[in-house]
Each structure stands twice: as structure tokens, then as C-alpha cells.
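Peer 1: Sequence:
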Amino acid sequence: SSRHRSSGRGGGEIMSFQDLVTEIQFLKPVENRAQKADYLEVVVERDHLEPLSKVLTAYFGAPLKPEGQSPSGKASELAKPYGGIRQDQTMYCRQTPQHNEFALLWPWGNGVRVTAKIIQAAPSPQASSFLGRLFGRKS
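To convert, note that position 9 of the sequence shown is 11 in the working numbering; the numbers rise steadily by one, no gaps.
Everything labelled a hint here was simulated from the structure, so no lab data went into it.
Don't take every hint at face value.
To be verified - Quick list of simulated restraints, FRET-style, between CB atoms:
| hint | residue 1 | residue 2 | range |
| --- | --- | --- | --- |
| 1 | 123 | 64 | 16 to 22 Å |
| 2 | 21 | 84 | 27 to 33 Å |
| 3 | 49 | 101 | 30 to 36 Å |
| 4 | 75 | 24 | 30 to 36 Å |
As the list claims (entries may be wrong) - Here are the computed lysine-lysine pairs in the DSSO-like style, where the Cα-Cα straight-line distance is at most 27 Å:
| hint | residue 1 | residue 2 |
| --- | --- | --- |
| 5 | 56 | 38 |
| 6 | 30 | 56 |
| 7 | 119 | 30 |
| 8 | 119 | 38 |
Glycine included, each C-beta is placed from N, C-alpha and C at the ideal position.
With the hints as constraints, model all of the structure from the sequences given.
Peer 2: Next up, the structure:
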């Protein structure tokens, strides 16, 4: 069955996690390392990172931890179960009542490729309270 992002319900429709995975696969990564219902790991050429970043930003919003910035304590805490997060890496995060969802972009040492890990996990109490504080108030 085909999945459509714009099913006529208006421009503000939220993509599902599976829609996100489909969109990333559509970008034809150079390597598909793993795919399960709640996890996708692909490798992309750094030269082709912009289309992936656009898809991730459309789904997650701006990165919680942009490339080139030191990770906050909370970003480090949230990324710990998935291998952590370093200054040269990017982390996106989105919380729903059912899931915490992450995208981790890990540039290779050679600068040519980037590993992208897309994760859907049950929310942890610490992450839920942190994300509620982070995104729950408008200034």
C-alpha cells in the first residue's frame, strides 16, 4: 500500500514515523544498514546531506543538537542509549505521548559520508519531563 504525505487533509498534516522512513528511503541512501519498524540506519554521501536534512527538519523541527555545537547535558542524556552525541554530530528529537523519536547524524572521519540513525522508542520518564519543559512552554 502506498503512503501519501498529503492526503488532502490540509497542508498541516503530521507525517508518521513510517512516512519519515519512506521519505528517507526515497532519497536512495548509498547503504541501508538496518531497518525495523522502529529503527532505520542508512549511510548518505555528505554532498547529499541537504535533502535528508530537509526531510528531518520537516518531521522533527530544528535540531536539538546542531552540528558544531557542544551537546547540552540533556542532549547527552537522551543520546546515551544510542551511542552518545559529540560536537561534530547532529541530533533531532521529537516527543509524542506514545514515543520519543530521534535522528542522529554521525559524520564519518573521512568527511565523505554520514551515518543516519532514525529511532522510535518508548518515552523514558526523564526524557518526558525534560522534553515537556523544553517544548511545553512558549516564550
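Peer 1: Taking the hints in turn, state whether each one holds.
Peer 2: Results of checking the hints against the structure:
no.	hint	verdict
1	123 <-> 64: 16 to 22 Å	21 Å, holds
2	21 <-> 84: 27 to 33 Å	21 Å, violated
3	49 <-> 101: 30 to 36 Å	32 Å, holds
4	75 <-> 24: 30 to 36 Å	34 Å, holds
5	56 <-> 38	23 Å, holds
6	30 <-> 56	15 Å, holds
7	119 <-> 30	15 Å, holds
8	119 <-> 38	12 Å, holds
Checked against the numbered hints given earlier, this structure breaks only hint 2.
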